[in-house]
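Please take these sequences and the hints and turn them into a complete structure.
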Amino acid sequence: MISPEQKKISIIEEKELFNIITKQKKEIKNLKAKYEKDIFTLNFIVQNLPGSIYWKNKNGLYLGNNDYAKRLMKVLGLETDVIGKTDYDIFPKEVADDFKRADLKVLSGKNLIVEEVTTFSDSTEMIQLSSKIPLLDKTKKIVGILGISLDITKLKKTELALQIALDKAKAASHAKTEFLENMRHDIRTPLSGIVGCAQIIKSQASDPEKVSEYAEDLIQSSEALLNFLNRILEGIKVATGETLLLKKKFDFKKNIQAILNLNKSLAAKKNLELTLEIDEKIPPYLIGDPIRLQRIILELMTNALRFTQQGTINIEAKINKREAQQVVIEIKITDTGIGIPADKKEDIFTRFTRLTPSHQGIYKGLGLGLSIVKQFVDDLEGEIYVESQLKQGTTFTCLLPFKEPLIMDHMGVEDITLPIESRIYKHIAEIVPNISLINQDFNSYQRKVLLVEDDKLAAKIAQIIFLELNCVIDIAHDAKMALQRIQKQDYHLVLMDIGLPDMDGIALTHRIRLQQWQRTDITPIIGLTAHIDIENRQRCLDAGMNTVILKPLKKETASELLTAFVPDACINQSYLFTEIRPVSGPVLDVDAMKALLKNEGLIKDCINLIINGLEKELVKLPELHQVANWHAIREIAHKLQGGASYCGAKRLEQACKRIVDYLRENGPARHVNALYQQLLQEMQAAKTVYKDYLK
0 MISPEQKKIS IIEEKELFNI ITKQKKEIKN LKAKYEKDIF TLNFIVQNLP
50 GSIYWKNKNG LYLGNNDYAK RLMKVLGLET DVIGKTDYDI FPKEVADDFK
100 RADLKVLSGK NLIVEEVTTF SDSTEMIQLS SKIPLLDKTK KIVGILGISL
150 DITKLKKTEL ALQIALDKAK AASHAKTEFL ENMRHDIRTP LSGIVGCAQI
200 IKSQASDPEK VSEYAEDLIQ SSEALLNFLN RILEGIKVAT GETLLLKKKF
250 DFKKNIQAIL NLNKSLAAKK NLELTLEIDE KIPPYLIGDP IRLQRIILEL
300 MTNALRFTQQ GTINIEAKIN KREAQQVVIE IKITDTGIGI PADKKEDIFT
350 RFTRLTPSHQ GIYKGLGLGL SIVKQFVDDL EGEIYVESQL KQGTTFTCLL
400 PFKEPLIMDH MGVEDITLPI ESRIYKHIAE IVPNISLINQ DFNSYQRKVL
450 LVEDDKLAAK IAQIIFLELN CVIDIAHDAK MALQRIQKQD YHLVLMDIGL
500 PDMDGIALTH RIRLQQWQRT DITPIIGLTA HIDIENRQRC LDAGMNTVIL
550 KPLKKETASE LLTAFVPDAC INQSYLFTEI RPVSGPVLDV DAMKALLKNE
600 GLIKDCINLI INGLEKELVK LPELHQVANW HAIREIAHKL QGGASYCGAK
650 RLEQACKRIV DYLRENGPAR HVNALYQQLL QEMQAAKTVY KDYLK
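Start counting the sequence shown at 0; every next residue gets the next number (numbering that gives the first Met the number 0).
It is possible that part of the hints are untrue.
To be verified - Listed next, the in silico EDC-like pairs over lysine to aspartate or glutamate satisfying Cα-Cα at most 16 Å (straight line): (1) Lys28 / Glu12; (2) Lys638 / Glu614; (3) Lys331 / Asp278.
What the hints contain is simulated information worked out from the structure, not anything from laboratory work. Everything numeric in this text was worked out from a predicted model, so none of it was measured.
Structure (structure tokens):
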């Protein structure tokens with residue numbers, strides 16, 4: 000029998016035991032919660048790390064992987080449920096073999112960091128940086144493999160791009176060093192000649208024959224230096240993409256033949272045979288950039304002539320591919336020259352790269368030609384290849400895409416003058432011989448020329464040239480002085496420097512044209528510049544210049560300008576002329592209109608359209624004329640010419656054609672206002688007759 004005292008002790012012990020058990024349960028609960036929290040945190044980290052985490056047993060069976068790995072597998076179109084599967088169940092055999100070889104090294108106890116490349120069926124590649132270590136149990140026995148893989152595909156592409164950029168930078172730096180060495184020689188040589196000749200001329204001033212002889216040498220050295228600097232500037236403009244891309248209709252064969260003709264004399268001098276083969280299937284006219292085409296062929300042919308001492312140079316052009324209105328022309332230029340070393344083929348298109356230094360004096364050149372060719376081929380979205388063997392020759396192959404015109408005729412074809420040709424454009428319009436002028440004896444008047452030039456030496460040289468050509472020449476050193484002189488006196492010709500200190504020559508020309516818009520005698524303005532591209536030349540013409548020529552001004556060029564723009568009969572202070580040749584024929588040729596349109600309803604519709612058009616343009620034209628916008632006037636006349644030809648307005652058609660042709664050839668030259676007035680008269684006459692016809 001248990002005594003009360005014993006019962007009391009037993010109750011106390013039970014309470015203590017209960018408290019202990021309760022405390023232990025609480026501790027176990029807390030530990031479990033902490034364990035679950037830690038497990039959740041670790042699992043969350045594993046599942047959301049920006050890389051694939053996976054573990055396998057010793058047999059290569061996947062025991063688990065994280066969410067990132069599953070998402071990546073899904074994106075790649077692979078099996079996402081990998082548990083219990085091997086790499087051979089998931090990846091192509093070649094890839095699985097690589098993984099297995101790496102796994103065997105890890106199972107031998109080695110830690111491994113390796114780049115793994117996976118190539119898929121669509122030929123895409125994924126590059127992963129994988130870290131693999133042995134998976135251990137609590138006894139530190141190897142039971143499998145733990146792997147972490149990061150997708151570094153983009154990183155590797157960036158690394159490759161950086162390496163390519165670095166290689167290019169090194170090549171460019173090397174080319175730059177070579178260029179500076181070559182330039183030091185190429186500039187020093189003509190400059191030494193200039194200084195030497197000048198010193199001799201000074202010391203031999205009493206001997207006219209010696210002065211003349213060394214002056215000629217001085218001119219040649221100066222021109223060599225100028226040409227060198229122009230080529231450098233051109234190469235820079237090409238490289239910076241400042242050369243305007245054209246899309247014009249042009250005569251393909253004519254352009255190729257022009258290049259050949261330019262080089263015939265040099266080929267003959269070296270006893271080289273120059274041949275041209277053009278496939279007859281090539282369309283006669285193409286749409287593209289004829290300037291770039293010419294430069295590509297010119298540079299390649301110049302190279303061929305430079306490096307070929309005997310044998311032949313052949314140009315071959317044929318169709319490579321033709322689809323719808325697109326045609327790819329394959330142009331091959333083959334020579335029997337010295338060839339290109341195999342290790343230099345990759346460098347030949349780099350700017351300022353030369354096969355031989357200039358100081359050796361073997362082959363001339365700046366190392367710019369082929370870089371310009373490559374740039375222009377890229378601009379045209381074409382391709383260029385080179386095949387060469389030392390001492391046997393070289394073949395450059397260009398694949399250049401062009402478009403075919405919808406209508407294969409000669410209309411709209413523009414003659415492209417080569418930049419390297421030193422001839423003045425034809426500027427006298429066809430109607431000029433038909434203008435009845437007051438005849439004056441050439442010797443009775445001196446031609447008056449205004450030179451706008453801020454460089455004193457250039458102005459002095461031009462002054463001497465024009466004085467020798469029996470001209471009176473005034474010089475304005477800035478735009479303000481030029482405007483003052485033009486307001487006070489009429490000139491037969493204005494030579495305009497593009498770069499002036501207070502206003503550029505283009506803006507100044509525009510102001511002069513605005514002042515002259517009401518006059519029938521518009522002074523020809525010739526732009527003078529040290530360097531001109533197609534886009535800036537067009538800006539000059541749009542502003543009202545008649546043409547643009549390159550500095551330095553030569554006596555031959557000045558003489559050609561005077562012949563073209565100041566004919567003997569025009570040597571008259573006021574340039575007066577009595578009349579423009581009148582247009583001929585009826586205002587409206589009804590028979591011609593009916594023969595073309597046939598249907599009376601169609602005739603009325605067309606007449607209503609042209610009347611509306613004439614009324615609108617008669618309002619617009621005076622506004623354009625007031626601001627001397629001859630480009631827009633030409634566009635309107637061109638548009639009206641088409642409508643007039645359909646609707647039998649023969650006289651209006653003639654008036655439109657005359658002013659369009661004249662502006663295209665001359666720009667806003669002296670007779671354009673008379674043609675403008677003639678256009679307005681014929682527009683009014685046509686409108687009146689058309690309205691009478693409808694009544």
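Now for the hints, and whether the structure bears them out:
no.	hint	result
1	Lys28 / Glu12	violated, 24 Å
2	Lys638 / Glu614	holds, 14 Å
3	Lys331 / Asp278	holds, 12 Å
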